[in-house]
Every structure is written in structure tokens, then in C-alpha cells.
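Participant: Here are the chains, one letter per residue:
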Amino acid sequence: MTSATFPPSPPENTSWSRYFGFNTDAKVIGIQYIVTAFFFFLIGGLLAMIIRGELITPPADLVDRTVYNGIYTMHGTIMLFLFIFPVLNGLNNLLIPTMIGAPDMAFPRLNAVAFWLVPIFGALLIGSFFVPGGPAYSGWWSYPPVSTQNPLGHFINGQGLWITAVALSGVSSIMGAINFVTTILRMRSPGMGFFMMPVYCWTALAAQSLQLIGLPALTGGAVMLLMDLSFGTSFYQPEGGGDPVLYQHFFWFYSHPAVYVIILPVFGIFSELFPVYSRKPLFGYVYVCLASFIIVALGLVVWVHHMFPSGVAQWMRNFFMFSTMLIAVPTGVKVFAWLGTIWRGKLRLTTPMLFCLGGLFNFVFAGITGIMLATVPVDIHVSNTYFVVGHFHYVIYGAAVMGIFAAIYHWFPKFIGRMPYEGLGKLHFLLTFIGANLNFLPMHPLGLMGMPRRVSSYDPEFAFWNVLASLGAFLLGVSIIPFLLNMVSAWVRGPKAPHNPWNAIGLEWLLPSPPPEDNFGEHVPTVISRPYGYGTGAPLVEHQAEIEKQLTLQEASA
Amino acid sequence: MSNSSDRSRLPISGLGLVALLGWIGLLVALSWWMAQQAYRWLPVQASTAAPLVDGLFSFETGIGTFVFGAVVSVMAWVLLKHRADKYDESDAEPIEGNTRLEVIWTVIPLLLVMAIAVYAMRVNTKLGVLGPMEHIHLANPVEDQGGYAVDRLPAEQVEVIARQWSWEFRYPSANVSTTELHLPVDQPVTFRLVSDDVLHGFYIPAFRLKQDVIPGRAINFNLTPTREGRYRLRDSQFSGTWFAANQADVVVESSEVYQAWLENAARQPLQSGLSDAVIEYGERKQLKNPGWATVPPAPPPQVNVPGSNSLPHDA
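For the record, the sequence lines run as chains A and B.
Quick note: the first sequence uses the working numbering, first residue 2, plus one each step.
Quick note: the second sequence uses the working numbering, first residue 2, plus one each step.
Bear in mind the hints are in silico, worked out from the structure with no lab data behind them.
No experiment lies behind these values; they were computed from the predicted model shown.
Some hints could be false.
[Stated by the list, open to error] As a list, the in silico DSSO-like pairs of lysine-lysine whose alpha-carbon atoms are at most 27 angstroms apart:
no.: 1; chain 1: A; residue 1: Lys427; chain 2: A; residue 2: Lys497
no.: 2; chain 1: A; residue 1: Lys550; chain 2: A; residue 2: Lys497
no.: 3; chain 1: A; residue 1: Lys427; chain 2: B; residue 2: Lys87
no.: 4; chain 1: A; residue 1: Lys427; chain 2: B; residue 2: Lys82
no.: 5; chain 1: A; residue 1: Lys497; chain 2: B; residue 2: Lys87
[Unchecked claim] Among chain B residues calculated to face chain A with C-beta under 8 angstroms, some are:
no.: 6; residue: Ala118
no.: 7; residue: Asp197
no.: 8; residue: Asp198
We treat Cβ as the ideally placed atom computed from N, Cα and C, and that holds for glycine.
Go ahead and model the full structure; you've got the sequences and the hints to work with.
Facilitator: Here it is in C-alpha cells:
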């Protein structure tokens with residue numbers, strides 16, 4: 002290759018309008034996913050504020066119980082299917098092609114279809130607030146028979162729209178998963194063997210494999226639920242010879258692995274960012290890579306731990322307890338690898354690093370309550386109580402969402418081409434970290450005392466911790482303001498970002514900020530080193546010095 | 002990993018070692034203290050299961066505190082000691098890994114979680130001896146229609162009927178029904194859990210026991226109360242609009258008081274039992290814009306003794 006034609010000229014269509022149409026550029030789709038996800042994040046967050054407003058006092062006095070049940074159901078559904086999965090798919094779209102040196106995803110049109118399904122099922126779900134009778138109210142699990150009761154008897158009802166939306170979300174996710182897996186397997190740059198691949202790509206590959214294995218079970222289970230609800234079948238109806246517990250197996254066979262679909266890419270983000278901001282290689286790279294796939298294998302055989310009190314046999318309780326406990330081991334390997342990475346590093350406490358450290362802190366706490374929940378006797382007492390709600394909000398908000406914020410601050414300059422503001426970022430971190438802990442820690446004593454989840458009213462002895470949790474929730478609500486302010490103002494008038502503002506190692510940092518439409522185009526560099534060569538001085542790719550010189554010259558002339 | 006041994010592993014001074022051991026000792030003491038505190042976060046122990054569950058939880062709290070404390074200590078140390086100076090743009094020493102450490106932090110957690118699992122399995126088995134929770138059989142189709150044939154039930158079995166949204170308890174041998182569960186202290190009791198409509202959860206936090214009630218099945222469930230008092234029974238599996246209000250009181254009393262209660266109850270005529278949902282549903286119907294759609298509550302069960310669910314309870 003010659004440096005004269007590299008990097009390729011920027012794309013012609015750089016206007017904002019391309020974000021609103023059917024575009025096949027993974028970088029456009031990535032931003033479409035992320036912005037759409039945060040739109041729904043605000044709606045889901047608003048619902049959370051109503052939930053915590055209701056629960057700040059013991060009686061059901063803020064909204065009617067039917068409204069409360071609809072709101073908590075939609076909060077969970079929106080946050081999972083319309084926020085966290087889309088935002089992660091957005092990151093996948095931005096990061097996977099640029100990290101492996103591919104010009105785009107393997108199937109760009111399928112990619113765009115997968116994205117455009119999100120606003121469609123999002124509209125269905127939000128629309129269900131306005132149908133007679135209100136939205137689905139049976140929780141994001143939608144266990145039958147409650148979910149098939151259909152009080153008004155209308156054919157179009159909130160629950161039916163909910164199931165349709167979830168099934169469409171599954172279709173969208175399967176399309177995305179096919180794309181991500183194919184892209185990672187087939188489109189890596191020359192020289193990038195599997196054990197030269199960034200850990201984020203390893204974790205994305207692991208997570209998307211889980212989607213492909215697990216989603217058919219959920220989608221099939223959901224179709225049967227819709228048949229029961231709308232067409233009078235009795236797959237899950239005891240009076241017709243069906244079994245409501247069967248649905249729980251279909252549901253959790255996917256929905257437990259779904260937790261790993263969420264957390265694995267976040268492990269990838271931690272593994273990318275700790276080396277950058279510690280100026281050290283990732284400790285035990287190969288073990289971290291392999292641990293992801295051990296988590297995949299084990300993650301497929303733990304689902305019954307959600308059903309210990311559902312009436313399962315003792316041998317199942319014991320078997321699924323052991324398999325669940327085993328997951329702690331590969332997860333521990335990762336946690337220790339991150340500690341080994343920051344140990345004796347030269348830490349830079351930038352906004353992304355703070356979010357990673359905070360996320361790790363919360364994740365370790367969630368891991369410990371996870372071990373408690375895995376042991377059957379303790380689980381029998383605290384399952385379906387606020388202890389579980391506290392545990393998974395530590396995982397999802399405390400670890401996953403904080404990791405996602407870290408990723409956004411870290412890669413914002415690369416894909417937007419402008420620098421976010423550090424001051425606002427640190428304020429965002431501080432409010433998020435305090436808010437999340439104040440919100441979710443009090444849920445643990447509540448659960449231990451025996452407060453069930455999903456209640457719209459509770460006995461007065463639970464009031465104290467609920468007040469604290471609500472105050473934490475309101476703080477979390479406020480914490481989003483500096484984030485939005487930062488994103489909007491940095492996008493509009495932030496300082497121009499150089500190609501590698503964090504002095505990071507990775508193919509994406511050898512592209513201009515923002516990268517051209519086809520990334521490296523014809524001139525894909527040949528990878529010659531493992532990722533994370535901080536302090537080794539070894540170049541990542543052939544002709545690295547020339548590529549960087551060219552990028553710097555281009556920036557100087559711009 | 003070769004260069005890690007010469008710099009990062011050797012130089013720990015005598016004083017450093019003492020400080021490290023001292024810190025670990027402090028963490029152990031903290032973990033011990035937290036394990037003791039753990040009992041105070043739980044409700045009173047009112048069944049034979051409770052001490053077993055609490056012992057396991059306390060053990061896990063101790064282990065968990067130590068692990069969490071150790072990880073946070075490392076993070077805090079790194080944050081204090083290993084931050085880059087303000088204008089230091091250089092990289093750190095490139096330590097890429099250490100196979101011996103990887104083995105250590107795979108094997109030790111593996112042994113630890115397996116030890117916890119074995120402990121938990123033993124508690125499980127013991128709980129099973131106290132009251133097997135897996136005796137599940139498909140219900141007779143006759144019973145699905147609500148025709149619970151009283152004469153076919155074992156004499157000592159208390160029948161629990163969960164509905165949207167009330168709990169009914171029947172004592173077949175005494176021919177008594179109630180919406181307030183009474184149990185004699187220190188005597189094993191068998192429940193027969195059935196649901197008239199949707200999934201419910203039979204959960205008494207003071208007993209540390211919980212079992213889903215599944216329509217179409219009758220589930221046998223055993224426990225032994227050990228402490229006199231008034232406790233809460235809560236629905237633990239979301240059952241619809243008045244799920245949160247679907248609570249009943251459990252009164253554990255001495256054998257004599259219990260017998261007297263049964264005898265007195267048998268003489269009472271049938272009357273409407275407790276159902277907060279029915280009361281709220283009536284009030285709600287007066288509203289012009291009550292909210293979203295709901296399944297109407299089942300009528301209050303006809304019982305000998307309604308009891309109360311508004312007296313102060315122990316847990």
C-alpha cells in the first residue's frame with residue numbers, strides 16, 4: 002500500500018438527514034440505534050420515576066393499581082427491548098467493523114432492516130398505552146395465566162401488542178446476530194487471527210451466538226402465548242390440559258442467557274478501556290477471551306435458577322444451583338484480569354475510566370448477591386422480592402449501563418469527530434454512581450425483610466428503605482441531564498477530535514475521526530501484533546508509523 | 002510473565018508484609034462482624050427452616066464481604082498509588098499476564114463456590130427432610146372445578162386456596178374455614194396448595210419458605226412453626242391488579258389456644274371472609290376515571306372466621 006491515497010476521502014453525504022432514512026452504513030446505523038435507544042431510555046426512565054414516586058409511601062396513592070402494574074411492566078420491557086439491546090447493537094455496529102478493519106457489516110441491508118424494526122415495535126409498544134384497557138400489565142415475564150386473562154376481551158389489547166412487539170424484537174435481534182457473527186467470522190483484516198482480535202469482538206461474538214441459540218425458544222414460546230391469548234389454544238392453560246410452568250422454561254431458556262447478551266459486551270468494554278487508561282496490556286488476554294465462551298456454555302444451563310420456587314424437583318434445584326455457581330469462576334477470571342491490568346498501571350481518571358471503575362465496583366457487588374441467589378435455600382426466601390430487583394439493577398444499571406456510558410464517552414470522538422466535555426462527564430459519573438447505589442442498595446434489606454417485588458403498596462415497616470431508594474432514583478433521573486447536555490453540545494460545537502485522542506491502540510484509532518464511509522476502503526492494514534500492546538512499543542499493524550503520520554498531517558491541514 | 006517476576010513480585014519489604022497481613026486480618030474481622038450482622042437483616046425466625054436458611058445466608062455474607070472488601074482494597078490502592086502524574090504521557094511496564102496467577106484465581110474461586118454449593122445442598126436436603134417441597138401431583142379434574150372433596154383429604158392437612166385476590170384456609174377434619182391462618186407451634190403441618198385462577202406465591206417471610214401455587218396442580222408443602230406470634234403471608238408471584246393487597250395473617254399459637262380457636266371457629270356460621278380487593282374494587286367503581294382494565298376480584302370466600310389482617314404483626 003502507499004500512503005499517498007490513504008486515508009480515503011471522506012464520504013460525500015455527511016448531512017444530518019442521512020440519520021433519518023434507510024441507510025446501509027454501519028456507522029450511521031450504529032448512531033441511529035444509540036439515539037433511538039436513548040429516546041426510549043428517557044421514556045423508560047420516566048416510568049421508573051412514577052414507580053419510585055408511588056413507592057415512596059406505603060399505600061397505593063399516586064396512581065391506580067392497574068396503572069402501576071402497566072407502568073412497571075412497560076418500564077422493564079422498554080429498558081430491555083428498546084434501550085439496552087438496541088444501544089448494544091449500536092455499539093456493535095460502530096465498533097465491530099472498525100475494530101476488525103471491515104468496510105461495513107456483512108449484510109448491510111439486513112442490518113438496516115434490523116434497525117428499522119426497532120422504531121416499528123417501539124411504536125407498537127408505546128401505542129399500547131392508548132388502546133382500550135391500557136398496556137400489558139403482567140410484568141416483563143408475562144407469565145400465563147395472568148397474561149392471558151384479557152379483562153376487556155378485545156382482540157386488540159395491550160398484552161397482544163406486547164407479545165407482538167417482543168416477537169418482532171426477537172426477529173430484529175436474530176437478524177442483527179446473524180450479521181455480527183458473520184462479520185466477525187469472515188471479515189477480519191489480514192493477519193487478525195482469533196487470538197489477535199480485540200476482546201470486545203470476542204464478547205460480541207459470544208453474546209450474539211447466545212442470541213442465535215436462545216431467541217428461537219423465546220420467540221416460539223411467545224407465539225404460543227399469543228395463540229393462547231387471542232385464538233383460544235391452551236398450551237399454557239391448565240383447564241385445557243396445558244401447563245403454565247412450561248412457558249417459564251421457554252421464557253428463561255432465553256431470558257437468562259439474555260443477561261449475558263447484555264453483560265458480555267460490557268465485559269468487552271471494560272477489557273478495552275482498562276488497558277487504555279492504565280497504559281498497560283490487558284492482563285491474561287487469552288484467558289479473558291476464552292472465559293467469554295465458557296460463560297456462554299454455562300449460561301445455557303442455568304435457566305431453572307429463576308424457577309426454584311415454581312415447583313421444580315429437588316434434583317433440578319441442586320443441578321441448576323451448581324451450574325449457576327460455576328459461572329462465578331470464568332467471571333472471576335475476568336474481574337481478576339481487570340484488577341491485574343490496573344495494578345501498577347499509570348491510571349488516567351478520565352470520564353470513561355471513572356465509569357469503568359464504578360461499573361466494576363457495582364458488578365463485584367452484584368456478583369456476590371448473585372452467589373447468594375444461586376444457593377437454593379436463600380433463593381427460596383428472597384426470590385420474587387426486592388433483593389432480586391436490587392441484584393439485577395446492580396448488574397444492569399450499575400455495571401452494564403455504566404459500561405455503556407464509558408463506551409460512549411470513549412468512542413464519541415471517533416465516530417462523531419468531536420470531543421465530549423470532561424467536566425460534565427465527571428458530574429454525570431458522580432451523580433450516576435451515587436444515585437445508583439442509593440437507589441439499589443436499599444432494595445436488598447427490603448427483600449431480606451420479605452417485601453415482594455411488583456407491589457403497588459406495602460406494609461409500613463418497609464417505608465424507610467423505600468424512601469431512600471426513591472431519593473436515589475430521583476438522583477439518577479437528574480444524572481441524565483449533564484449527559485444529554487454533554488452529548489448535544491459536544492456534537493454541535495465540541496472541539497474537533499484528533500484521530501486518536503486517548504492514545505489508544507486499535508484499528509479504529511488508525512482511522513480519521515469520524516471514519517470515512519468504507520473505513521479503510523481498499524487499504525486494510527495487516528495486523529502484526531496482539532491488541533493492547535501498551536508499553537511494549539510494538540506496532541499493531543504494518544506501516545503503522547506512515548499511517549499515523551498521514552492522519553496527523555491531514556488533521557493539521559484541516 | 003517472565004519480567005513480572007523480577008520487579009512486581011519480589012520487592013515487598015518486611016514492613017509491607019506486616020501491613021498487608023494486618024489489612025487482611027482487618028478484612029477477616031470485618032467479614033466476621035458482617036456475618037453476625039446478617040441475622041439482623043432478616044425477619045424473626047419462626048420456623049425450623051429459618052435458622053438453616055439464616056445460617057447459610059450469614060456464611061455467604063461473611064465470604065462475600067471478604068471478597069468484596071479485597072477487590073475494593075485493590076482498586077483503592079491502585080487509585081491512591083498508581084495514578085499517572087499530571088504530565089506523564091508514558092506507558093506503564095507491560096505485564097501481559099501470569100499463568101500461575103491465572104491458575105490460582107481459577108482454582109480458589111472454584112473450590113470456594115463448590116464449598117458454598119455443597120453447604121447449600123446439605124441445607125436443601127435438610128429442608129427436604131423437614132418438609133419435602135417436591136411432592137407435586139396433577140390435580141384430579143374434579144378438583145379443578147372447585148369441588149374440593151373434603152372427605153378424601155388427609156386429616157392433618159390444611160388446604161390453602163389462592164384466588165384473585167384472597168387466601169382461604171380450610172381445616173377439613175375440624176370442618177373450619179378462615180381467611181386468617183392459625184397454626185399450633187412446634188407441630189409439623191402439611192398444606193395442600195391450590196389456585197382457583199392464576200399463579201400465586203405462598204410466602205411467609207418469617208418462615209423463610211415460599212412455594213408457587215399453580216393452577217391445575219395440588220402441591221403438598223410442609224413446615225413446622227417454632228415461635229408464637231402474628232406473621233404476614235404474602236402473595237409472591239404476580240397475580241394481577243390487587244397482587245400487593247393479597248396478604249393474610251398467620252397466627253402461631255400454643256396447642257391449647259389453637260384447639261380452642263378451632264372449636265370456637267367450628268361453631269361460627271359462614272360469613273364473608275377478608276378481601277381487601279373486593280372493598281377497593283367497590284370504591285373504584287364509584288370513580289369516574291378509575292384507571293386501566295382489570296379482572297374483577299373473586300367474591301370473598303365464605304368462612305367461619307374472617308380474622309384480621311390489620312393487627313400489628315411480628316414480621
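Participant: None of the hints should be skipped; say for each whether it holds.
Facilitator: Cross-check of the supplied hints:
1. A:Lys427 with A:Lys497: It holds: about 20 angstroms lies between the C-alpha atoms, which stays within 27 angstroms.
2. A:Lys550 with A:Lys497: Roughly 18 angstroms between the alpha carbons, so the hint for A:Lys550 and A:Lys497 holds.
3. A:Lys427 with B:Lys87: Holds: A:Lys427 and B:Lys87 sit about 17 angstroms apart, inside 27 angstroms.
4. A:Lys427 with B:Lys82: Given that 27 angstroms is the threshold and the Cα spacing comes to 21 angstroms, the pair holds.
5. A:Lys497 with B:Lys87: holds, 23 angstroms
6. Ala118: holds, 5 angstroms
7. Asp197: Check failed: Cβ of B:Asp197 comes no nearer than 11 angstroms to chain A, outside 8 angstroms.
8. Asp198: holds, 7 angstroms
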